[in-house]
Amino acid sequence: MVDEAEAIEARADAADERVYVASQWQLMWWRFRKHKPAMIAGVVMLGFYVIALLAPFFATTEPTLSEGDRSLMPPQRIHWFDGWKPSPHVFAVSGERDQVTFKRVYEVDRDQKIPVRFLGRGFEYKFLWLIPTDRHLLGAKGAKTEESIFLLGTDLQGRDVYSRLLFATRISMSIGLVGVSLSLVLGILLGGMSGFYGGYVDTVIQRAIEILRSIPTIPLWMGLAAALPQDWSVLRVYFAITLIISVLGWTELARVVRGRFLALREEDFVMAAMLSGASHTRTIFRHMVPSFYSHIIAVSTLAIPEMIISETALSFLGLGLQPPAVSYGVLLQAAQNIQAIALTPWLMIPAFPVIIVVLAFNFLGDGLRDAADPYSQ
Amino acid sequence: MLAYFIRRIFFAFGTLWVVSVIAFAIIQLPAGDYITSYITGLEALGDLVSEEEAETLREEYGLNRPIYVQYSKWMLQVVRGEFGLSMEYQLPVGDIIGERLLMTIIVALAAVFFVWVMALPIGIYSAVKQYSVGDYTFTFVGFLGLAVPNFLLALVLLYFSFRYFDANVAGLFSPEYFRAPWSIGRIIDLLKHLWIPAIVLGTAGTAALIRIMRANLLDELRKPYVVAARARGMSEWKLVLKYPVRVALNPFASTIGYILPYIVSGSIIVSVVLSLPTVGPLLLRSLLSQDMFLAGTIILLIGAMTVVGTLISDVILVLIDPRIRFSGR
Amino acid sequence: MATTDSQPLLSVRNLRTHFPLDEGTVVAVDGASFDVQEGKTLGIVGESGCGKSVTARSILGLLDRPGRIVDGEILFRRRGGGDNGVDEVLDLATLDPKGHEMRSIRGAEIALVFQEPMSSFSPVHTIGTQLVEAVRLHNDVSRNEARNIGIEALHSVGIPFPEQRIDAYSFELSGGIRQRAMIAIALSCNPSLLIADEPTTALDVTTQAQILDLMRDLQQQHGMAIMLITHNLGVVAEMADDVVVMYLGEVVESAPVDDIFYAPKHPYTQALHQSIPSITAATGQKLASITGTVPHPYNRPKGCAFNPRCSSFITGTCDQQVPQLLPVAPDHQVSCFLYPEGGGT
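Here the protein sequences come in this chain order: C, X and R. Here my numbering is used: the first residue of the first sequence is 45, the next is one more, and so on. Here my numbering is used: the first residue of the second sequence is 92, the next is one more, and so on. Here my numbering is used: the first residue of the third sequence is 1375, the next is one more, and so on.
Just chain C, same shape as in the assembly (with noise of 0.2 Å):
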């Protein structure tokens, strides 16, 4: 009767194995699979990424290289072929200032052809901060690099646009990084408490957390912002910049995260590992988080991108990053009006990649949260 029985067991068992022994991460990535739009974000991300790593290969001159006869150039275009060769160029260009209206007047010069090749030479930089090249992703034959192409024009000072945007990247995509994390570690540690032991700790904190997101934070920012000293070095202004947008931010993820430690405080498993003798340390870590890893990692990949726009926002309006440092913020500060606009809009650019990384994170996140659920239907 017993080998019976067994031989049924097995012949049953046998049947069910596939879909229970996935794990929980290829469960989630299965789901994150079929997200369609946050694969092809998370590909974008990627690229973004490389572009902040590599910018100096990619760009065309340094960023901060001003020359006042270039002052406003219209964006060049590479022509890609010389009558029927395939030949890239650009044409050298000349501006005049204007006698009437003082201006800056561009002509594009069709004698004069720039050639234009890959893997060429230009300013020198160290790749990956190691290695000494001065090859770049593009480059002019004949003629200086950082003279000759302006893919997307110039700026009042006369400085490349699309150089100066590759460089932004570097640091709008890094605040996001920092701010995110400051705001992780605030978040996790100030909302576990409160949610697991409850009570006054609970209040307190929950307490403190509405006052703070009372204060509307816009003009928190903009307060504080405004209070940094003038003298500080870039890397400091820097970091003040990510201490104050994190500030604010970590409260999001707290209340999250003390939701979650809530509900699960209650729920049978954690009561069965106090009970068979584990610490309060070893529930907290080894039983409950590793519920919610999932469900964190999507809320913060959603918090980064409201951090970038909050840098933005505050070097647009002047209160944030200060020359020379590069972000999309600094860089759209030369179209804060109508007149910009309307006769220079190249300057309007930047607002694009803020655009593009903001849709891309949110699309990822999105496909994430999907994704950490991987038991839901």
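Keep in mind that the hints were calculated from the coordinates and are not lab data. Among the hints, erroneous ones may be present.
[Unchecked claim] In silico negatives: residues of chain C with every beta carbon more than 12 Å from chain X: (1) Gly127; (2) Gln143; (3) Glu350; (4) Asn406.
[Unchecked claim] Below, in silico cross-link-like pairs of lysine-lysine (DSBU-like), each with a Cα-Cα straight-line distance of 30 Å or less: (5) X:Lys314 - X:Lys333; (6) C:Lys188 - C:Lys147; (7) X:Lys333 - X:Lys220; (8) C:Lys80 - X:Lys333; (9) X:Lys164 - X:Lys283; (10) C:Lys170 - C:Lys185; (11) C:Lys185 - C:Lys129; (12) C:Lys170 - C:Lys129; (13) X:Lys220 - R:Lys1472; (14) C:Lys157 - C:Lys147; (15) X:Lys220 - C:Lys78; (16) X:Lys329 - C:Lys78; (17) R:Lys1472 - X:Lys329; (18) R:Lys1472 - X:Lys333; (19) C:Lys188 - C:Lys129; (20) X:Lys220 - X:Lys283; (21) C:Lys157 - C:Lys185; (22) X:Lys314 - R:Lys1472; (23) C:Lys80 - X:Lys314; (24) X:Lys329 - X:Lys314; (25) C:Lys170 - C:Lys147; (26) C:Lys157 - C:Lys129.
All C-beta atoms in this analysis are idealised placements derived from N, C-alpha and C, irrespective of residue type, glycine included.
Assemble chains X and R onto chain C, guided by the hints.
Okay, now just chains X and R, sitting in the frame of chain C:
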């Protein structure tokens, strides 16, 4: 329930007090004070100010007293309805803010109205027709709305309307009505200009609320009482609107309160871009020039609106959801 | 099933309901056939996940997305539905679930009572609202009249102070009262068939007994048929006239209640009986259980669905071919290779 309200109101006052302290502290943070930047401004014009003169000025404005004294003086005045003197404009703060505050509120209300009118129906539709073409379209457009920072949206709109319609949509009034007294004509002019800021400010809020509504409704649509209603023979749309929408409306309604201060806060930057005669550009200037009373009052007012908004939303939530009414809070 | 002169009130023939999910298609009901006789009670018994609830939902077209009826007929004899007030037979499987016809049947002719009375009421409306709405959906009466009908209905299910209770919210009532209220709503339009999906599972034993008594009384008063879905054999023994045993979406045995209890033929039914703890068993005796577990819906066994757990398993047959539901006695049908056409063990 009354006890709950009293507690909430007490708490609101407490929060307000903290906001005022923080607002005041922020103003004090930058080294130096208004006199410093005033002097620097004068020096740039070639006018030097001696130390004694500076001290006299400080004495006059009460800037050489300890901070808590300055704060108490200010709060006493605030409670009396006097908000102090703007050092830059040499006018009472109340006068300067006055009409701008009204404009700020009008713009914000217009945006809130826009949000509600758009978000509710679209959210409901998206949930009921989940995975349909309409749903995906709205989701995508909603994403765009959420992702594009409102001031950038303002920029883009400005550009396109100028480029293709030769219209300058900045500002809230046409030149002839700008300083005119109130009249029907002025109101109509205002309405004609109002829709751009309303859309710009409301887009993000709409997108967010659509997602909330959609998510809530999707949760509710799965619940047994919806099936029970269907089992009684109700038609699909009637039962959706009567039951799950009503339940899903609760968390939705509780966000109303938050929308107003959120929009007011968000309108600051947009106002700078669109040159709106609201509180935003004023705040920026006062912060940059450390015009203490002006900046502090603006922050205090916005904080007050936030707190009031939160209170209102809590009250509405309690009134709407009988479960909370009966179980207390 | 029963070979009486009258036609069955509801006749399900070969119902197949599928849920096409991303990970695979879940076959919730795979060829179920049974009849419900007018004024009688049919008990549908089976473990969780065997498809009993899905069957009930399929009948009224209440399947959750993406569920679909892919095959079979649900023949319902509608009172006076045809011309000249003659009874009309409809195939419910062909009706548009959102259409007018189906909606006119729901609540009025076939009513559904759910397992969880708490979540079956809207949390933000009074039960009165929902009761009145049910009445007015199928009867042309004013709101006041409907309210009176509602109060009367609450009274007939034994709820004290119905005039006050009608304005209560569902969370203010106890479990038993809630369930009675649900039954009141279900009966408010005098349906000919009441489908009760695990009506007592969420209640304590005493309340359970009361509700069952109530249902029996109401059945006698109104002459309505009851389709009682449960996993509790005790409830079946008490209430049912005929019984259908389901496993993994199929009907494995159907017979009058006495036959099911005293002469079960299908190995599954027999195993179910053995697994009921008996008060007369010797102390220390192990609780018998059915070996193995219900297979994952994506992994239906080949051949007979029960074969991996069957103690009378015949190699080569049970895991290769699917048995058919065949009669072994006038009212008794079994789906098992132990009982080939007409014969017995």
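Verification of the supplied hints:
1. At the 12 Å boundary, the C-beta of Gly127 of chain C stays outside the reach of chain X, the nearest C-beta of that chain being 34 Å off.
2. No Cβ of chain X comes within 12 Å of the Cβ of Gln143 of chain C; the nearest lies about 27 Å off, and the non-interface call holds.
3. Chain X draws Glu350 of chain C into its interface by the beta-carbon criterion, the shortest separation being 10 Å against a cut-off of 12 Å.
4. Asn406 of chain C, annotated as away from the interface, has a beta carbon of chain X within 12 Å; the closest lies near 6 Å.
5. Distance check on the hinted pair: Lys314 of chain X and Lys333 of chain X sit about 14 Å apart at the alpha-carbon level, within 30 Å; holds.
6. As the CA atoms of Lys188 of chain C and Lys147 of chain C are separated by approximately 26 Å, the hinted pair is consistent with the 30 Å bound.
7. A threshold of 30 Å between alpha carbons decides the hint, and for Lys333 of chain X with Lys220 of chain X the separation of about 17 Å falls inside it, so the pair holds.
8. For a cut-off of 30 Å, the pair hint linking Lys80 of chain C to Lys333 of chain X is broken: about 35 Å separates their Cα positions.
9. With a C-alpha separation of about 43 Å, the suggested pair Lys164 of chain X and Lys283 of chain X falls outside the 30 Å cut-off, and the hint is violated.
10. Taking the CA atoms of Lys170 of chain C and Lys185 of chain C, the gap is near 21 Å; set against the 30 Å cutoff, the hint holds.
11. For the hint linking Lys185 of chain C to Lys129 of chain C, the alpha-carbon distance of about 17 Å falls within 30 Å, and the restraint holds.
12. Using a Cα cut-off of 30 Å, the hinted pair Lys170 of chain C and Lys129 of chain C is violated, with the two alpha carbons roughly 34 Å apart.
13. Our distance criterion of 30 Å between C-alpha atoms is met by Lys220 of chain X and Lys1472 of chain R, whose separation comes to about 14 Å.
14. Of the supplied pair hints, the one linking Lys157 of chain C and Lys147 of chain C holds, its CA atoms being roughly 25 Å apart against a limit of 30 Å.
15. Using a Cα cut-off of 30 Å, the hinted pair Lys220 of chain X and Lys78 of chain C holds, with the two alpha carbons roughly 20 Å apart.
16. Annotation: proposed proximity of Lys329 of chain X to Lys78 of chain C is violated, straight-line Cα distance about 34 Å (limit 30 Å).
17. Annotation: proposed proximity of Lys1472 of chain R to Lys329 of chain X holds, straight-line Cα distance about 12 Å (limit 30 Å).
18. Restraint check for Lys1472 of chain R and Lys333 of chain X: satisfied, since their Cα atoms lie roughly 17 Å apart, inside the 30 Å limit.
19. A threshold of 30 Å between alpha carbons decides the hint, and for Lys188 of chain C with Lys129 of chain C the separation of about 23 Å falls inside it, so the pair holds.
20. The straight-line distance between the Cα atoms of Lys220 of chain X and Lys283 of chain X is roughly 35 Å, outside the 30 Å bound, and the hint therefore fails.
21. Proposed proximity of Lys157 of chain C and Lys185 of chain C is supported: the alpha carbons are some 10 Å apart, at most 30 Å.
22. Taking the CA atoms of Lys314 of chain X and Lys1472 of chain R, the gap is near 18 Å; set against the 30 Å cutoff, the hint holds.
23. Pair hint Lys80 of chain C plus Lys314 of chain X holds up; C-alpha atoms about 29 Å apart against a cutoff of 30 Å.
24. Between the alpha carbons of Lys329 of chain X and Lys314 of chain X the distance comes to roughly 16 Å, so the proposed pair stays at or under 30 Å and holds.
25. Note on Lys170 of chain C and Lys147 of chain C: the hinted pairing is violated, with a Cα-Cα distance of about 37 Å set against a maximum of 30 Å.
26. Among the hinted pairs, Lys157 of chain C with Lys129 of chain C is consistent with the structure: their alpha-carbon atoms are about 14 Å apart, no more than 30 Å.
Hint compliance for this structure: hints 3, 4, 8, 9, 12, 16, 20, 25 are broken, all remaining hints hold.
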